[in-house]
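Chemist: Single-letter residue listing:
There are 2 protein chains.
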Amino acid sequence: MNHFYAMILAGGGGTRLWPLSRTQNPKQTLALTEERTLFRIAVDRLSALFPPERIFVVSGPRLMPTLRGDAMHIPNDNFVVEPYARDNAAAVALGLAAITARDPDATVALLTADHHIASTEKFLSVLRAAHEVAQDGHIVTLGITPTYPSTGFGYIHRGALLREQNGLPIYRSQGFKEKPTHEVALQFLADGSYSWNSGMFIWHVRKAMQEFERQQPEMYHLLQELRQAFADTRDDVVLGRVWEKMPRKSIDYAIMEGATDVAVIPVDIGWSDVGSWASLYEVLKLDDKGNGVRGNADTLLIDTTQTLIFSEKLTVAIGLDGVVIVDTPDALLVCHRDKAQEIKKVVEHLKTTGQTDYL
Amino acid sequence: MNHFYAMILAGGGGTRLWPLSRTQNPKQTLALTEERTLFRIAVDRLSALFPPERIFVVSGPRLMPTLRGDAMHIPNDNFVVEPYARDNAAAVALGLAAITARDPDATVALLTADHHIASTEKFLSVLRAAHEVAQDGHIVTLGITPTYPSTGFGYIHRGALLREQNGLPIYRSQGFKEKPTHEVALQFLADGSYSWNSGMFIWHVRKAMQEFERQQPEMYHLLQELRQAFADTRDDVVLGRVWEKMPRKSIDYAIMEGATDVAVIPVDIGWSDVGSWASLYEVLKLDDKGNGVRGNADTLLIDTTQTLIFSEKLTVAIGLDGVVIVDTPDALLVCHRDKAQEIKKVVEHLKTTGQTDYL
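Protein sequences appear in the order of chains A and B. Using this note's numbering, the first residue of the first sequence is number 1, and each one after it goes up by one. Using this note's numbering, the first residue of the second sequence is number 1, and each one after it goes up by one.
Excised from the complex, chain A in its bound form (with noise of 0.2 Å):
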């Protein structure tokens, strides 16, 4: 697997782990579940299988400086930096290009930054099965099997089965579908061939650039120009000039829902999405008392269970249950786990109040 290369899209950053979680401080830079941040934890769970010289990251220039820092084993040319953010095809476009320019027999694995996944093997096994699969053609998306009936996440709907590699049963893709209702989302869970789209897939190249071609012919040209800027001098100038040209679109939508060969492996890996504080919860490693503190702050929990702790400062929690606690130099949250979708309204207020520095 000489050609197998990852790809971490490490753009992009939420507020739904509010107030830490930061328009600066995005999720995947900080570090939720253990010591290490969540990238620092997506790169090294890469590294049974690609040396860190087939290992690149994808992200915009404000964010790149703290991911270098945080995998200084990974050659800086790896680091390859979007201008500004253009949505996801446009990142992965770039990525691509950058790749190409390496090696255009590469297989690569489109793999995010901010997830948790709790089995290491298991996720390293399929990648190996996925890139056998890639090899003839198929786009290899990772469909995670539902727990809830989520509205959360978009679907892949499988269908018949492609083939075993490896011992995993590979699909073929019925299609994507995007977010669904409640009701939907129940039909789905009790359907049982539908997967949560984790974002993450295994492609070659060339059907990467078959797939551009034929359904986004103008960011195909971009890719090839940034392709030779790649290959040439990496020259800025020649970056900054295509980048502005490259159209706003999801990758989902610009490629994954019309692309051909699509294939599917249900993967069972201790996945998160790590999305709400709630989700945190659930892959943080616990006390007897079902209690988790993360942070460098002493704590004093009395008559207390099931409550999340994060601070730098000494804190004393007494008679709470279910609660998570987040405190930040500027900013603190107290907060009912089962609330905490509630979030999003917060950062909704800041907005529309312009207190846009708390964002």
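Just so you know, these hints were derived from the structure itself, not from any lab. Be careful, since some hints might not be right.
Each pair may be met inside one copy or between any two copies, as identical chains are not told apart.
Derived lysine to any residue pairs resembling SDA-like cross-links, with alpha carbons at most 20 Å apart [unchecked claim]:
no. : residue 1 : residue 2
1   : LYS179    : ARG40
2   : LYS339    : GLN306
3   : LYS344    : LEU301
4   : LYS339    : GLY14
5   : LYS351    : LEU301
6   : LYS285    : VAL238
For chain A, the structure is supplied; the task is to place chain B on it using the hints.
Modeler: Chain B alone, transformed into the frame defined by chain A:
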């Protein structure tokens, strides 16, 4: 009432409102109930009855600058400094020495600096009546009508009616009772003739001197030396020399429990010792959902009721009921109000583990 003086005992410092109240910033120096500190409120509520020159403040050297700065209209000489803490009988003796040096015909109301009194008008009426009753040699205590079987206060057992004064019934005291067990407290409450000892009482300095001379002759002689020092040059050397001989006793134990002619006025003035976060909550101005917010924080409360927030930074509460959130630069408390009494365990823990910076 030109010879009526207020002596505010403003020393001491509890940590029952930790982490806001600290050794260096005890309760009386905090703006707990509104923008003014409890000390300043204690001073201001006297203004209709006592001109500033007849208000004396007794406290230690560490707090004195804060207290002076907080009540600049009170003459400097009226701030009487305890060289160091020697319990409150010594503090009372010191204050009496300063006042009698000024006015040998003084009647003195001993008052607290860190309690809440909802009705200033009733309180002043009681003081006026007590002043009259004190003229014939009574020690007039203010007894708070109990609202629950508290085991945290001492009690005064009232006896026969002594007289009426300004429309208020004045009773003879049948004696002081130390903090009772819960069972005994229930009996006191049912009996109806027991009041909480508020620590506030009014006496003429002649009566005060008689009681010190009879019950605490050693303190009495030291008090006379102090009085002379105040009358002369207010000599700090004399003060220091006398002070170190002062026995450490509480005023209740040293004087009140053995005193003759003790009277009690049962009062219903909306009194609270603000002795815990739960009792502070009871006296705070709340919004229509029962939430109380203090400090300079912006707050955002979603699905949150009966919650108390002390914070100087943006604080978001979601899905909470009956919680106390207290944020300070070096320590954060999140506590269910029903468990507020557990704070003493926290303070104990910090003491035993040597983390005294937090106290």
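Chemist: At 20 Å max between alpha carbons, let me know whether LYS339 reaches GLY14 within a copy, between copies, both or neither.
Modeler: Cα proximity of LYS339 and GLY14: one copy only (18 Å, versus 36 Å across).
Chemist: What label fits LYS351 with LEU301 when the C-alpha limit is 20 Å: within, between, both, or neither?
Modeler: Between copies only: 16 Å across chains, 34 Å inside a chain, cut-off 20 Å.
Chemist: How do LYS285 and VAL238 come out at 20 Å by Cα distance, when the copy is not named: within, between, both, or neither?
Modeler: The answer is neither: 47 Å in one copy and 63 Å across copies each exceed 20 Å.
Chemist: Check LYS344 against LEU301 for me: Cα-Cα at most 20 Å, and say if that holds within a copy, between copies, both or neither.
Modeler: So LYS344 and LEU301 pass the 20 Å test across copies only (13 Å; inside, 28 Å).
Chemist: Measure nothing new, just compare the shortest in-copy and cross-copy C-alpha distances for LYS339 and GLN306 to 20 Å and report within, between, both or neither.
Modeler: Classified as both: same-chain Cα gap 14 Å, cross-chain 17 Å, threshold 20 Å.
Chemist: Measure nothing new, just compare the shortest in-copy and cross-copy C-alpha distances for LYS179 and ARG40 to 20 Å and report within, between, both or neither.
Modeler: neither (29 Å within a copy, 59 Å between copies)
Consistency with the previously given hints fails for numbers 1 and 6, ordered from lowest to highest.
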